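S.K.: Sequence:
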Amino acid sequence: MRGISPVIATVIILAVTVAIAVAVIGWITGLWGSLTGGTEQLQIYPDSYINATGNFAIIHVRNTGSADATITKIEIEGIGSFGSGDFDVYTSEATAVTEAIAGTLTADNDVVKAGEEAWIAIVNVNGATAGSSYNVKIYTANGNVFPAIVKAVQR
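All residue numbers for the sequence shown refer to my numbering, where the first residue is 13 and numbers rise by one.
Think of the hints as simulated: they come from the structure by calculation, not from any bench. Please note that the accuracy of each hint is not assured.
[What the hints assert, rightly or not] As a list, the in silico EDC-like pairs of lysine to aspartate or glutamate whose alpha-carbon atoms are at most 16 Å apart:
| # | residue 1 | residue 2 |
| --- | --- | --- |
| 1 | 163 | 89 |
| 2 | 163 | 59 |
| 3 | 125 | 80 |
| 4 | 163 | 87 |
| 5 | 85 | 120 |
| 6 | 149 | 122 |
| 7 | 85 | 122 |
| 8 | 149 | 89 |
[Said to hold, decoys possible] If you anchor each label on the Cβ, the simulated ranges turn out as follows:
| # | residue 1 | residue 2 | range |
| --- | --- | --- | --- |
| 9 | 32 | 104 | 43 to 51 Å |
| 10 | 143 | 104 | 21 to 29 Å |
| 11 | 90 | 26 | 36 to 44 Å |
| 12 | 114 | 151 | 19 to 27 Å |
Since we're looking at a predicted model, the values are computed, not measured. Every residue, glycine too, gets a C-beta built ideally from N, C-alpha and C.
Starting from the given sequences, assemble the full structure and let the hints guide the process.
M.R.: Here it is, written out as structure tokens:
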């Protein structure tokens with residue numbers, strides 16, 4: 013009984029190696045992102061601020077990822093942790109500021125859709141000092157954490 017010739021065995025090994033390499037490279041570079049559900053990626057803009065006299069914060073973000081980002085918690089170092097009842101996501105800056113000033117969040121939204129720009133209004137932000145910078149962390153349902161440094165202002 014004869015076995016596989018060395019030439020055919022070498023060709024099979026090379027083909028399998030190339031197929032595995034292509035799959036690994038595709039996964040690493042994100043070519044298969046749509047097959048794995050995509051990823052969220054929040055970009056936090058530098059015009060975000062904490063209003064030290066109004067006790068609220070406005071965080072300006074864009075989700076540059078391919079999946080919606082559901083925000084579960086926001087932490088402001090030295091001030092506190094804020095759950096879903098303390099913040100809402102708005103597609104209009106003016107609406108976010110108006111709601112934050114009133115202290116009543118009516119959007120009942122915690123999702124930044126893929127590719128969209130949004131403003132997160134956070135209420136009950138007490139104890140910020142105007143002129144100070146604070147580390148802010150946005151936590152999502154997928155377990156991602158997006159940090160930024162946000163300045164407290166007097167407005």
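S.K.: Run every hint past the structure and note whether it holds.
M.R.: Structure-based check of each hint:
For the suggested pair residue 163 and residue 89, the alpha carbons sit about 12 Å apart, so the restraint of at most 16 Å is met. Straight-line distance between C-alpha atoms of residue 163 and residue 59 comes to about 9 Å, which keeps the hinted pair within the 16 Å bound. Annotation: proposed proximity of residue 125 to residue 80 holds, straight-line Cα distance about 4 Å (limit 16 Å). With a CA separation close to 14 Å, the supplied pair residue 163 and residue 87 stays within the 16 Å bound.
Proposed proximity of residue 85 and residue 120 is supported: the alpha carbons are some 14 Å apart, at most 16 Å. Restraint check for residue 149 and residue 122: the C-alpha separation of about 15 Å stays at or below 16 Å, so the hint holds. Simply put, residue 85 and residue 122 have alpha-carbon atoms about 9 Å apart, close enough for the 16 Å limit, and the pair holds. Straight-line distance between C-alpha atoms of residue 149 and residue 89 comes to about 8 Å, which keeps the hinted pair within the 16 Å bound.
In this structure the hint that residue 32 and residue 104 lie 43 to 51 Å apart at CB holds, the actual value being about 48 Å. A hinted range of 21 to 29 Å for the beta carbons of residue 143 and residue 104 is consistent with their spacing of about 28 Å. Here the CB-CB span from residue 90 to residue 26 is close to 58 Å, at odds with the stated 36 to 44 Å. Between residue 114 and residue 151 the CB atoms are about 25 Å apart, so this pair conforms to the stated range of 19 to 27 Å.
Hint compliance for this structure: hint 11 is the single one not met.
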